[in-house]
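*Asks:* These protein sequence lines are chains A and B, in that order.
Take the first sequence: its position 142, counted from the start at 1, is 142 in the UniProt record's numbering, and no numbers get skipped.
Take the second sequence: its position 414, counted from the start at 1, is 414 in the UniProt record's numbering, and no numbers get skipped.
Please note: incorrect hints may appear among the correct ones.
Think about it this way: if two alpha-carbon atoms lie no more than 25 angstroms apart in a straight line, the pair counts; the simulated SDA-like pairs of lysine to any residue are [to be verified]: (1) Lys67/A / Glu85/B; (2) Lys67/B / Ser295/A; (3) Lys83/B / Tyr76/A; (4) Lys329/A / Pro161/B; (5) Lys83/A / Lys348/B; (6) Lys366/A / Arg346/B; (7) Lys329/B / Val163/A; (8) Lys83/A / Tyr76/B; (9) Lys67/A / Ser295/B; (10) Lys67/A / Glu136/B; (11) Lys296/A / Ser103/A; (12) Lys366/B / Ser103/A; (13) Lys329/B / Asp209/A; (14) Lys296/B / Glu397/A; (15) Lys67/A / Ser103/B; (16) Lys366/B / Val163/A; (17) Lys329/A / Pro203/B; (18) Lys67/B / Lys329/A; (19) Lys67/B / Val163/A; (20) Lys83/A / Glu75/B; (21) Lys308/A / Lys366/A; (22) Lys348/B / Lys296/A; (23) Lys83/A / Thr404/B; (24) Lys329/B / Glu136/A; (25) Lys238/B / Gln132/A; (26) Lys67/B / Tyr289/A.
These stretches of chain A come out as covered by chain B in the derived footprint (C-beta under 8 angstroms, 3 or more residues) [to be verified]: (27) 215–222; (28) 395–407.
Worth flagging that the hints you see were computed from the coordinates, not collected in a lab.
Quick caveat: nothing in here was measured; it's all calculated off a predicted structure.
We put the CB at the ideal spot given by N, CA and C, even for glycine.
Protein chains: 2
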Amino acid sequence: MSKNTKVPSTRELMAQLAKESEGLSITDRRDFLRKGILAAGGVAGTVFASKAAASSNLPPMEPTWGKMLGHGVVEYPYGQPSKYESHVVRRTVPWLTAESISSISMSPLHDLKGIITPNGLVFERYHAGVPQIDPEEHRLMIHGLVERPIIFTMEDLMRFPSVSEIKFIECPANGGMEWKGAQMEALQFTHGMLSCCEWTGVPLRVLLDEVGIKPEGKWILAEGADGAHMSRSIPLEKALDDTLVVYAQNGEMLRPEQGYPLRLLNPGWEGNTSIKWLRRLEVGDKPWYHREETSKYTDLMPDGRARKFSFVQETNSVITNPCPENPIKNSGLIEIEGLAWSGRGRIKQVDISFDGGVSWVPANLKGLVLSKSLTRFSLVTKWNGQPWLLQSRAIDETGYVQPTLKQLREARGGNSIYHKNSIHTWKVANNGEVTNVQIS
Amino acid sequence: MSKNTKVPSTRELMAQLAKESEGLSITDRRDFLRKGILAAGGVAGTVFASKAAASSNLPPMEPTWGKMLGHGVVEYPYGQPSKYESHVVRRTVPWLTAESISSISMSPLHDLKGIITPNGLVFERYHAGVPQIDPEEHRLMIHGLVERPIIFTMEDLMRFPSVSEIKFIECPANGGMEWKGAQMEALQFTHGMLSCCEWTGVPLRVLLDEVGIKPEGKWILAEGADGAHMSRSIPLEKALDDTLVVYAQNGEMLRPEQGYPLRLLNPGWEGNTSIKWLRRLEVGDKPWYHREETSKYTDLMPDGRARKFSFVQETNSVITNPCPENPIKNSGLIEIEGLAWSGRGRIKQVDISFDGGVSWVPANLKGLVLSKSLTRFSLVTKWNGQPWLLQSRAIDETGYVQPTLKQLREARGGNSIYHKNSIHTWKVANNGEVTNVQIS
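Extracted from the complex, chain A is given alone in its bound form (with noise of 0.2 angstroms):
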């Protein structure tokens, strides 16, 4: 569908849907199964009667692992997923970078649950592939405009006290591809870019009084150990502010190709500044202008010029389930999930439009509402056959209201590729497919 064909979803429609779920109660809920599962009738296969389970008091078959012993305690020291589940793994997309040592990777947010990421299946982006660091030999220097420069070892810095906070991290080419047009055919494509996790280091501040910043430092350089060594200007105030010197994920040291053993961390900033394998801190009176904050990481403008330094990354969200990975299988209830985050802050609402965005219905924020994480959020509501355009719309806590791509093509033109906070549009057919569309 291209963006501009005009959309079948009606006003009456919603209508519809409205009546249909007219007085959903918690009861109704609580019948979840019944009007959803066993009522529709529809699932082959999938749902034993009643009455078959009500003849025995053991299931139907006693399978294999039932009859056998499994391996033990001493085999995997360190877990490892089920076999059955080795579907679930980060995807790139070829054409995306001309080397897989320069790409990127995305998380399958279609498989995942609750707001943490599991250390396995975070996103990764990196330009000179991941380096293997020894810990040992690893060090930090902060030096430039500063009174007493200093490098760091590893078992410096963990001595510290530590802070542990949930924060997400977001490549700000997120959604990108999409920018002019073009249409993932995934959610793990459209918006996969995206993590979750625990992390574990020191304040960023608390190193800063280590090294005493004179009076004229007001950015710093960060710059990674890799082959690349990325680098990126931070100002002043955010260092101060939140900024973590990161040494842990989820409990356990970063994963290689999170920085390991050391990275910084901007919670809600776009994911390049939180540079990885971070040896170098230099502060100084502005910033460096380097390649990854000129040449990329702009927002190309429509009078032709490049908005720089454009940090944060705006309220977004996303519907996670139904998408084009997880169609309809089922018709009666469905719970309506997805993820919302904000750089700002916490996320206050998330509202749900079944016609495009014609109306919209407020949803649930599900379990913790922490700022600048992953917020998850649900509606139950109920699908027989209809078509809809579904889509999310997230608002966080300083009011700011996640746009429309008409609205976000209308404030920074067509030649952009970072920051595509836009609200999504996933089309449900009869069939229960999910297809992703664009409309204006």
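Put chain B on the given structure of chain A with help from the hints.
*Replies:* For chain B alone, kept in the frame of chain A given last:
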């Protein structure tokens, strides 16, 4: 040190420490490095002097990883830890059990950060090894005193609205080897039957509403699909309160050793009630008195009678830094860190003693403080070679205070194995080495 040896620590020691740490302010903490590491000067080769750093814009050498390409995004679609972290693994105590297929492995608490346990390091306990269950063939039957017995497929269960909650799981035998005075040499073995994840699943009460409990239904038998068919009786009150039927942990599907594809989770209760590889829930009018709730997982009291169905993991805590695996390497400032948890709700307070419980100082609770979750506590203080008898004492929101070993023995006698939640003591020697001691 036997449990009756007179401990050398004294009130004087405490008085001295109080004097030393008097006026310890945020300013002191900001001087953590200078006062702690540089001033101490005893960390051979690990700290570069400031002048050395000032003399160059780069670290003293360019390591090999800065001059070569690493691996690309396609090589580890499911990520793994760094090769330099291969020592961070679950470990078992070989003499604990005759066979590794009916044994336990423990989480490396001394290496963990924050409150999330990464999935590869979650402790394991099972009785017939880890089965490899095909989720397509797995079923959950709910039957017994119900109106509409039913058999669910995984797809059925995953259609229900889900919840995600961060909860600890602890084996009731955690610390049990020490009940009679055996002293394990490391934190991993004294407390490592403990982990904490974000779990996702369906509240059991929702499924019970589907089947309709008959008025005489008061207990539920939960049974696993593994070769042991491990089973436990759960009171209906718990099942209707916060029990979950769980299929995911930390964002991804359960690991095989955690019950893939389905387990029960009884938040705050002894781990073995959270039946793994869950295949059957039977509603009855009384408990079943199966093997694992009679011959095992009961508490043998001083009068020779066995206390059964002691489900709750009472308030507990342990210091994770320093500990035997993390000795103190530097004099000066140190962050005392640890974990506290309660099966009854939130942790309200943790106190730390340096003198074996004679006097106490309140610690800070760090990060998220969630109900029936691990909570991390912290206290920044100074160590200058004085001996410590280091203890932590947790208090939960119900006012329950973690007991001393003496109090626990007075109440429970010396025959127990399970539910040892007494205050734990680390002896810190003047060379910084940490050993496990028991004091009455």
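*Asks:* Give a verdict on every hint.
*Replies:* Evaluation of the provided hints:
no., hint, result
1, Lys67/A / Glu85/B, "36 angstroms, violated"
2, Lys67/B / Ser295/A, "23 angstroms, holds"
3, Lys83/B / Tyr76/A, "15 angstroms, holds"
4, Lys329/A / Pro161/B, "15 angstroms, holds"
5, Lys83/A / Lys348/B, "41 angstroms, violated"
6, Lys366/A / Arg346/B, "20 angstroms, holds"
7, Lys329/B / Val163/A, "21 angstroms, holds"
8, Lys83/A / Tyr76/B, "15 angstroms, holds"
9, Lys67/A / Ser295/B, "23 angstroms, holds"
10, Lys67/A / Glu136/B, "18 angstroms, holds"
11, Lys296/A / Ser103/A, "14 angstroms, holds"
12, Lys366/B / Ser103/A, "36 angstroms, violated"
13, Lys329/B / Asp209/A, "23 angstroms, holds"
14, Lys296/B / Glu397/A, "51 angstroms, violated"
15, Lys67/A / Ser103/B, "19 angstroms, holds"
16, Lys366/B / Val163/A, "7 angstroms, holds"
17, Lys329/A / Pro203/B, "22 angstroms, holds"
18, Lys67/B / Lys329/A, "51 angstroms, violated"
19, Lys67/B / Val163/A, "33 angstroms, violated"
20, Lys83/A / Glu75/B, "18 angstroms, holds"
21, Lys308/A / Lys366/A, "35 angstroms, violated"
22, Lys348/B / Lys296/A, "48 angstroms, violated"
23, Lys83/A / Thr404/B, "45 angstroms, violated"
24, Lys329/B / Glu136/A, "16 angstroms, holds"
25, Lys238/B / Gln132/A, "48 angstroms, violated"
26, Lys67/B / Tyr289/A, "23 angstroms, holds"
27, 215–222, "violated (count 0)"
28, 395–407, "violated (count 0)"
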